[in-house]
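Colleague: If you count by the numbering used here, then the sequence shown holds residues 2 to 125, one letter each, in order.
Derived by calculation from the structure, the hints in this document are not laboratory data.
Possibly wrong hints are sitting among the right ones.
Straight-line C-alpha distance at most 25 angstroms; calculated BS3-like pairs for lysine-lysine [said to hold, decoys possible]:
| id | residue 1 | residue 2 |
| --- | --- | --- |
| 1 | K106 | K123 |
| 2 | K63 | K107 |
| 3 | K106 | K63 |
For each label pair, taking beta carbons as the anchor points, the in silico distance ranges come out as [to be verified]:
| id | residue 1 | residue 2 | range |
| --- | --- | --- | --- |
| 4 | E117 | K63 | 27 to 33 angstroms |
| 5 | K111 | R41 | 33 to 39 angstroms |
| 6 | T57 | A108 | 17 to 23 angstroms |
Cβ atoms here follow ideal geometry from the backbone N, Cα and C, with glycine treated the same way.
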Amino acid sequence: MRNTSKSRKNIAKESNLGSCDSERPRSENTGAYTTGLLERLGNRLAFIDARLAENTWLAGDKFTAADIMTVFTFTTMRVFYSLDLTGYPGILAYLGRVAQREGYKKARAKADQELEMMIEGKPP
Numbered sequence: 002m003r004n005t006s007k008s009r010k011n012i013a014k015e016s017n018l019g020s021c022d023s024e025r026p027r028s029e030n031t032g033a034y035t036t037g038l039l040e041r042l043g044n045r046l047a048f049i050d051a052r053l054a055e056n057t058w059l060a061g062d063k064f065t066a067a068d069i070m071t072v073f074t075f076t077t078m079r080v081f082y083s084l085d086l087t088g089y090p091g092i093l094a095y096l097g098r099v100a101q102r103e104g105y106k107k108a109r110a111k112a113d114q115e116l117e118m119m120i121e122g123k124p125p
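Whenever a hint applies, use it, and build me the whole structure from the sequences.
Modeller: Laid out in structure tokens, this is it:
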């Protein structure tokens, strides 16, 4: 996938998993509304997975701030919001690459020593 301005905007939009949710109280997230949220989340995960199947990092060949921001969603955030990534091999391979980075190892040693790595598909 070429790194055009349009594709970068699309990456930013589609990789924002938080925009799948809304300001509604969780008690109101039932029925068709919840189905719609889950569908949008699935679409975004599929987009990111396809992107990472073709690229080493979200923005292409270089590790960027986009990767730093996204890794939290696919790792630590899963402690608070169960997200099964089993069906997303591109995302899982990406998390494996991130886990091998020296900066990631150093950051975990400082902040998350006791926290499970969470680079596998099943949520913690």
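Colleague: Confirm or reject each hint.
Modeller: Consistency of the hints with the structure:
1. K106 <-> K123: holds (21 angstroms)
2. K63 <-> K107: holds (19 angstroms)
3. K106 <-> K63: Distance ~18 angstroms between K106 and K63 Cα, so the pair holds.
4. E117 <-> K63: 27 to 33 angstroms: The hint (27 to 33 angstroms, Cβ to Cβ) holds, given that E117 and K63 are roughly 28 angstroms apart.
5. K111 <-> R41: 33 to 39 angstroms: Taking Cβ atoms as reference, K111 and R41 lie about 34 angstroms apart, which means the hint holds.
6. T57 <-> A108: 17 to 23 angstroms: holds (19 angstroms)
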